[in-house]
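Number of protein chains: 2
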Amino acid sequence: MNVASPNATTVGWNDLDLAAVATAKALAADAVEKVGNGHPGTAISLAPAAYLLFQNVMRHDPADPHWLGRDRFVLSAGHSSLTQYIQLYLGGWGLELEDLESLRTWGSKTPGHPEYKHTDGIEITTGPLGTGLASAVGMAMAARRERGLLDPQAPAGESPFDHMVYVIAGDGCLQEGISSEASSLAGTQDLGNLVVIWDDNHITIEGHTSIAFTEDVLARYEAYGWHTQSVDWTHGGTEYREDVDALAAALAAAKSETGKPSIIRLRTIMAWPSPTKQDTHGAHGSKLGAEEVAGLKSALGLDPQASFAVAEEVLAHTRALGERGGAARAEWDIRYQAWREANPERAALLDRLVARELPADLAQALPTFEAGTSLATRAASGKVLAALADPLPELWGGSADLAGSNNTTMAGEPSFLPVERSSAEFAGDPYGRTLHFGIREHAMGAILNGIALHGLTRPYGGTFLTFSDFMRGAVRLSAIMGVDVTYVWTHDSIGVGEDGPTHQPIEHLAALRAMPGLAVVRPADATETAAAWLATLVKGGPTGLILSRQNLPVFPRGEQGFAEEAVARGAYVLQEASTGTPEVILVGTGSEVQLAVAARETLEAEGVPTRVVSAPCLEWFAAQEEDYRSAVLPGDVRARVAVEAGVPLSWHGIVGDAGRIVGIDHYGASADAATLFREFGITAQAVVAAARESL
Amino acid sequence: MNVASPNATTVGWNDLDLAAVATAKALAADAVEKVGNGHPGTAISLAPAAYLLFQNVMRHDPADPHWLGRDRFVLSAGHSSLTQYIQLYLGGWGLELEDLESLRTWGSKTPGHPEYKHTDGIEITTGPLGTGLASAVGMAMAARRERGLLDPQAPAGESPFDHMVYVIAGDGCLQEGISSEASSLAGTQDLGNLVVIWDDNHITIEGHTSIAFTEDVLARYEAYGWHTQSVDWTHGGTEYREDVDALAAALAAAKSETGKPSIIRLRTIMAWPSPTKQDTHGAHGSKLGAEEVAGLKSALGLDPQASFAVAEEVLAHTRALGERGGAARAEWDIRYQAWREANPERAALLDRLVARELPADLAQALPTFEAGTSLATRAASGKVLAALADPLPELWGGSADLAGSNNTTMAGEPSFLPVERSSAEFAGDPYGRTLHFGIREHAMGAILNGIALHGLTRPYGGTFLTFSDFMRGAVRLSAIMGVDVTYVWTHDSIGVGEDGPTHQPIEHLAALRAMPGLAVVRPADATETAAAWLATLVKGGPTGLILSRQNLPVFPRGEQGFAEEAVARGAYVLQEASTGTPEVILVGTGSEVQLAVAARETLEAEGVPTRVVSAPCLEWFAAQEEDYRSAVLPGDVRARVAVEAGVPLSWHGIVGDAGRIVGIDHYGASADAATLFREFGITAQAVVAAARESL
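So the protein lines, in turn, are chains R and U. Residue numbers for the first sequence, in the numbering used here: 381 to 1075. Residue numbers for the second sequence, in the numbering used here: 381 to 1075.
Only chain R is shown next, with the shape it has when bound in the complex (with noise of 0.2 Å):
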């Protein structure tokens, strides 16, 4: 070798371990330099530290990716996928040459970034920055009240439940918001199995940091209450040397320090000992181009010439991990039968978890209403909420600061918390059940989606619709992953009332219709709300129940001309015309479902027969058979008129060239809801002219 090779010897790292370290350091040039484009630099500098975190330091055993006992490990640096993926193809996990050869290609396990369900080995989908961090938080927390749920009495460290979360991170991560969002909050959890490794390369697309990150990161991290090392492989800018016992020394002190989370300032230089490209942006999303490719090998000692090298010796010896992996797996499944023979009760909720099960008689237990009664759905949910508490332990969730206007705190449950940090409002517990996000929006979508993908809880969590901005870019992620996360989103039109424009949501229906993927669930009532709940649970997958801060009247049901709910079905017929022959049809969803039911009294008076349909959510009346959608929306009726106070975008589909929409297409105001649905012309007298139009 031409540079110097990694310091390893406290870890004990023998000639194989370093050619295997070359070795991916070139694999990960090979594989940019064949399909022409993708991020060499961070794998090549970061080679040694995945290396050392696959082979050395984590638990994990890559005959059984979906271990319950196993470390888990998220690419923050979602665009540094070959990171990963060259150290689950040296260790086992599934990957071989061609999958890396493949790299960014149609079809191939080895996309541009980290998928999720697409890759053996990959927990979580990466790329947006940032958000890998932040849902690793999530999953430190679940970690967390998992073992409360299942092994809450063993001592620290000894439950087959304990294990770690590591993070790679870059300086991406570190500027977006969410992580900042998500870290501080991981300061206040306490969240002492978390370790992330920030690589500190001083480069981002636009070239050096001075331009625009110039803080000092490990202080602001001191100030979240995390511990912090760094671990300089410059030496000071006096010479590059990767230090790896350095690093397995900070990776055990950060994994010894189980009262706060730990973050590794690790110095590299981007693509070393890349010869001309090092410690450029040139080096981070384009490949090295064959000269450089051919110059980095021969820095390492490799064959400049060979591409897709890999040594028979060098991928036997990694693949030993097979045998490490599952040797500690059998050490695992000796504490887990044990755990489960002292545990029988436990150990049946496990596998219940583990099978993503519900209870069978889960329907009964949520909560009915009383026809005539008014209730906000949001208050609805809150009495599903605490319906479900007792029956489906895995159900958690929180809000960010809207607690109590988002009705998402289960009475009587304590908070998660380390009990020194509760309040007179909030008693926490370590392995509490309500969530506490902050007003941090963006981060709790992230968190939310890192505990679902740790496997056994469903999460949820609340804040108000107009906020949903604020965290789409995890609602997204949410989406593309498919993961059972429930957002509870509130105050969910201009019945808002008077906290005004910046509070009132107006797109945001329309705006999370397009997004594929999502649910977007808004009960008419208090009656549906709890159908809701229970179809979200049922059909799993992201899901945004959209209610109101207003009461609204709970509809008979099966009487008075009133259908049974339907809601699983996505949209209904709530009220049939008077001759069973409908000549237009009204379709609403949540508060607006009202003003269809009062439009039709008054359409009925004038002889119009007139079908009222209750649309609560168009994404899963899109997933019905053909059939039933012509049921409730026959062709042969052109007259229609939908009824939402939103934007009109989500309805010229549905109400066709002849209907008319009932909406709201400008920003709202400051003044009492009433006052709003009035001026702005979101009526049941709205609803009758748009009806005779359409007629």
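It is possible that part of the hints are untrue.
Chain copies aren't distinguished; within one or between two, either way the pair holds.
Claimed, not checked - Below, computed lysine-lysine pairings styled on DSBU-like, alpha-carbon distance capped at 35 Å:
# : residue 1 : residue 2
1 : K763      : K414
2 : K763      : K667
3 : K635      : K489
4 : K919      : K763
It should be emphasised that the hints constitute simulated quantities derived from the structure, not laboratory data.
Based on the hints, put chain U in the right spot on chain R.
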């Protein structure tokens, strides 16, 4: 008074000042009590601080809220709008008692949160927490840039364009990631003209901040490079005494620190001296109740039974601010006139900027593009910016670390950056033009808003379209306020290619179009890109330019059957049917217009007269007169196909019942762009097939 009055001897408060502050507290309680809802607590406890700022510290003139030389005030804790309204009333900005009495009611000047353009003296709409602080960073940056344009040689503090930006922020503001992003950047930018007062009252909506906010905020701000101070009105918990003198001294020290932004921790007790609700979240967002209000007034030495009681002599005293402001204004006018005489060219520029006029011949400055060449619209945008650099000095901007990808750098212009932050790639100049936001999209949006609000320049900022999700909260505020901010969102579809689903926008076009007041402009080629920039500048208001990563053919214009571009009309007939009477209309945007053009060729060859409509901006099209719109999309041509590489949601209303939409309603994948368009069926053939179905 039953409680100790503020310690304000050094600042020279007399009995009338003390009475005014007590009155301000009572008014806050009265206003919320009358309407029955709102946020009294912080307005009560911050009254002395706000009074100090408005009466003693800030340079402003109630008679001219738009005075160029004024200090700016940003109430980042917007829910405490009474904090500002009451000072605007006392100081004489035009608010009167009846305005406070009509707080949060329909049509009043005193909406729930401060609204820009709605109430004189309100510089910015706030409410979503953290956004005000982040926009204040933009204001402070704009102040420096404007000085650089108008008066760069003046010694520090001696230019008529030198002034301060003051912020009041709450705990929520500092929890939100957007403030972390902006504050880190403010440190990098050495914004000595920015002073933040953090109201450290330990209370948010969920109660005590111990449950979610335990970090050391000042240490964090030190890590960002800020100047930090602490003023404790609880005096270590021993007694509550509003030490106005200490706050005044801290504000003076903050102002004299010209090399760093400043934050002052002001430890307060919310709602002090409200007898039973002080220091509780019960005083945060609800009326206090009659008894508590009376108790508060008694504690303040006021008549407990009198509501909205303001002594004449108190108001006369506080409105003397008008004379002091007028005097400051007169002193400033002398310096300003001297500057005008010494700088006639710059004065002419200033007059143009104040009038928000564009140079008359701006269109001539735009580049033209040769038909038949091929160019990404992001690259065309870069050429437009280069061409606008000289004629439009007010135009400036940058990127959230994607300058090279977004093509947002005007070649040869220095970076807006302290010289010592320069990098090999970017030379810094404190008056520079290229902005480096770092990987902080949300703060970028808020900073752009702040720059635009500051009044003289026109900012733009770029990132990938997919990350518009990260900044939606700020974009919505651009739209609510109607400010002249241009978002440059590139990499606008699966055309992104190999980076995969996290980086490929699918739903973003529809989601952004859902937002009232935002123009979403997706040009079809380089020619349309230049026209889009021009129309954006002419029309003003918040605009998103949606630009391709991949090359797109430049269409001929005014020949070969192609019309001249008419981007400013939003949509126009690019190619007429050969017969002049279309049987089918193909509507496309951006990179898909070329597919419509190719499909037309096939359809015409099959004998189907086919019109192609390029529709770069549906919002601008909707604003055209009905005659124009029906000329482009005649009502009798029902066979229509929309083609856009995004979710179909935007298009149902345009293509109608008989129409078809070629789009994509699921997430993308990691592969080259051509493969993705083919595999996902966004092709000319698909458009042809859809047209046949529609006919």
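Checked hints:
1. K763 with K414: between (57 Å within a copy, 32 Å between copies)
2. K763 with K667: The answer is between: 26 Å across copies meets 35 Å, while 56 Å in one copy does not.
3. K635 with K489: The answer is within: 32 Å in one copy meets 35 Å, while 57 Å across copies does not.
4. K919 with K763: within (21 Å within a copy, 50 Å between copies)
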